[in-house]
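S.K.: Each protein sequence line maps, in turn, to chains F and L. Going by numbering that gives the first Met the number 0, the first sequence opens with residue 0, and the numbers climb by one from there. Going by numbering that gives the first Met the number 0, the second sequence opens with residue 0, and the numbers climb by one from there.
The hints are simulated quantities; they were obtained by calculation from the structure and are not laboratory data. Be a bit skeptical, because a hint or two may be false.
[To be verified] Partial list, derived from the structure: chain F residues whose beta carbon lies under 8 Å from chain L: (1) Glu10; (2) Thr34; (3) Ala36; (4) Phe41; (5) Ile43; (6) Phe44; (7) Cys48; (8) Gly62; (9) Ala64; (10) Glu69; (11) Leu88; (12) Ser91; (13) Asn127.
[Claimed, not checked] No more than 20 Å apart at the CA atoms, straight line, and that leaves these computed lysine to any residue pairs for SDA-like: (14) L:Lys378 <-> F:Thr34; (15) L:Lys414 <-> F:Arg59; (16) L:Lys30 <-> L:Glu10; (17) L:Lys414 <-> F:Gly14; (18) L:Lys290 <-> L:Val265; (19) F:Lys12 <-> L:Lys290; (20) L:Lys387 <-> F:Gly14.
[What the hints assert, rightly or not] A few chain L residues that don't get close to chain F, going by computed Cβ distances all over 12 Å: (21) Pro49; (22) Pro413; (23) Lys414.
The C-beta atom is built at its ideal place from N, Cα and C for all residues, glycine as well.
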Amino acid sequence: MTVQQLSVFIENKSGALVKVLRLLKQEDIQLIATTIADTADFGIFRIICSQPEKAYQVLRDAGVAVSLCEVFAVELDDRPGMAADAIELFASEGISISYLYSFLLNGKGILIFRTDNAEKAAGIITANGLKAYNFLANK
Amino acid sequence: MSYQKFFNPEESYSRSEIEALQLERLQATVKHCMDSPFYKERFREAGLSPSDIRTLDDLKKIPFTTKQDLRDTYPFGLASVPLDKCVRLHSSSGTTGNPTVILHTRKDLDEWANAVARCLWMVGCRPEDVFQNTSGYGMFTGGLGFQYGAEKVGMLTVPAAAGNTLRQLKFFTDFGTTVVHAIPSYAARLYEVMCEKGIDPRKDTKLRTLVIGAEPHSEDTRKRIENMLGVKAYNSFGMSEMCGPGVAFECPEQNGMHIWEDYYIVEIVNPDTLEPVPDGEVGELVLTTLKREAMPLLRYRTRDLTRILPGECPCGRHHIRLDRMKGRSDDMIILKGVNIFPIQIETILMQFEELASDYLITLETVDGNDAMTVDVEMKDLFIDDYSKLQALSREITRQLRDEILITPKVRLVPKNSLPKSEGKAVRVVDTRKKY
């Protein structure tokens, strides 16, 4: 029910983002979803991509500050209110979402998120029959 | 009311009168230095005795005194009088390594006040004036130094101290302040807030004279400040080792700072060879105190780079003129009038295990004010958590502020992203407009 996500430290200066993207392009690594927040001095560029371990190695070798971690990926039907219902499950158990991003893929809504309690969150996902999403299996 | 032109008779001495007085005072100072264990030992090592100083040129036989000597003898090892004769000390900021301490007897404080008063008198300050000092008081010598000097002139003094700009402006208008002492960046800030509050310095205040110093600034900056506030701005030079302000000061010609040669002997040396540089060339300023009781200093290497302006000054004073300071022969940074050594910053940064060893200090002028940015490289891996990164950057900022007394902007940057120069890390970039 988790997928590997790359987190890349991006300085707030021109060229920082494109450097990372170009490195991935050169290795034919495809982006599936990304997110970057807007802060004054730096950003964390979070990436779900094909071949995350290879991507991690490529970026590390190029001297990019990067880490690889597991985040939850849940598949929802593409209908209004689905995300609300899913997140409410966590809220009612007192679990905080550290960050979340979502996108549509092949007619399904995908939620990517991290919580402050991975073990408990995994239990909730299983107990409520939320469908884990596996990008690599769907490729 | 009409006043005399010169505050002290020494101010108008001819060259030969100045030099005769210097020799007399140098010989007395050297003799007095033998009451300091430090200098007694220095002279013994150099095989020198006070009676060897027969001419001003003999000064060159005496070894230099350095800031390191002050640190090594911290706190009172350079005193030439018993401590019970001392009434005040001033100490440098910072907690990295030993600070430097300067001791003063009552007479030292009186002479210091006299030197500052002479400077202020020279630019037209008179007992009718109202003098407001925006310097920090306490250990920072720009506070008490100007305070006693201004009182000696007989001005009404407003010891407003640093900060609280709105209150400063209220004092200007309520008390009719005519003379202000401020570092250049704060003068610009005062104007900015005046504009915000709809105060026209020309109409709504009686400001006439501004004393600026402690912070390197260009002629352009001076002109800008003069135009903004409708004042004449005079450059002031001093350092805590030489009491503080009152060492050298511009006369109404605004072309170089007269250094009071009845108080100091001036040498300009090549910082590498320590040989005198030819007249008019830039080198390191070396000063010998001539009237100090508690802590006379012989051939003190100030680390400030400057030159002696050639020629006579039309103002009628024969005390030589120093050009604006051109920089430092060590790595000391002067920011908003505060002295900072990069090692102070490095020591703090190295205590953070999240950080790698490279950092870059950038000094800039932002909206007319000095600003410092510290870029710090993080270690290879980092935490995927905005709040932790921001907390880290805040904690670094807080600790730096506690050390250097100035709040820098701290930026976290990836490893190996800072510029290197021929393999050697660049530590300080100064883009401020200064000279």
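S.K.: Each of the hints needs a verdict: does it hold here or not?
M.R.: A quick look at each hint next to the structure:
{"no.": "1", "hint": "Glu10", "verdict": "holds (5 Å)"}
{"no.": "2", "hint": "Thr34", "verdict": "violated (12 Å)"}
{"no.": "3", "hint": "Ala36", "verdict": "holds (7 Å)"}
{"no.": "4", "hint": "Phe41", "verdict": "holds (6 Å)"}
{"no.": "5", "hint": "Ile43", "verdict": "holds (6 Å)"}
{"no.": "6", "hint": "Phe44", "verdict": "violated (10 Å)"}
{"no.": "7", "hint": "Cys48", "verdict": "violated (15 Å)"}
{"no.": "8", "hint": "Gly62", "verdict": "holds (5 Å)"}
{"no.": "9", "hint": "Ala64", "verdict": "holds (4 Å)"}
{"no.": "10", "hint": "Glu69", "verdict": "violated (11 Å)"}
{"no.": "11", "hint": "Leu88", "verdict": "violated (23 Å)"}
{"no.": "12", "hint": "Ser91", "verdict": "violated (24 Å)"}
{"no.": "13", "hint": "Asn127", "verdict": "violated (26 Å)"}
{"no.": "14", "hint": "L:Lys378 <-> F:Thr34", "verdict": "violated (23 Å)"}
{"no.": "15", "hint": "L:Lys414 <-> F:Arg59", "verdict": "holds (11 Å)"}
{"no.": "16", "hint": "L:Lys30 <-> L:Glu10", "verdict": "violated (25 Å)"}
{"no.": "17", "hint": "L:Lys414 <-> F:Gly14", "verdict": "holds (16 Å)"}
{"no.": "18", "hint": "L:Lys290 <-> L:Val265", "verdict": "holds (14 Å)"}
{"no.": "19", "hint": "F:Lys12 <-> L:Lys290", "verdict": "violated (55 Å)"}
{"no.": "20", "hint": "L:Lys387 <-> F:Gly14", "verdict": "violated (25 Å)"}
{"no.": "21", "hint": "Pro49", "verdict": "holds (59 Å)"}
{"no.": "22", "hint": "Pro413", "verdict": "violated (4 Å)"}
{"no.": "23", "hint": "Lys414", "verdict": "violated (6 Å)"}
Taken one by one, the earlier hints fail for this structure at numbers 2, 6, 7, 10, 11, 12, 13, 14, 16, 19, 20, 22, 23, listed in ascending order.
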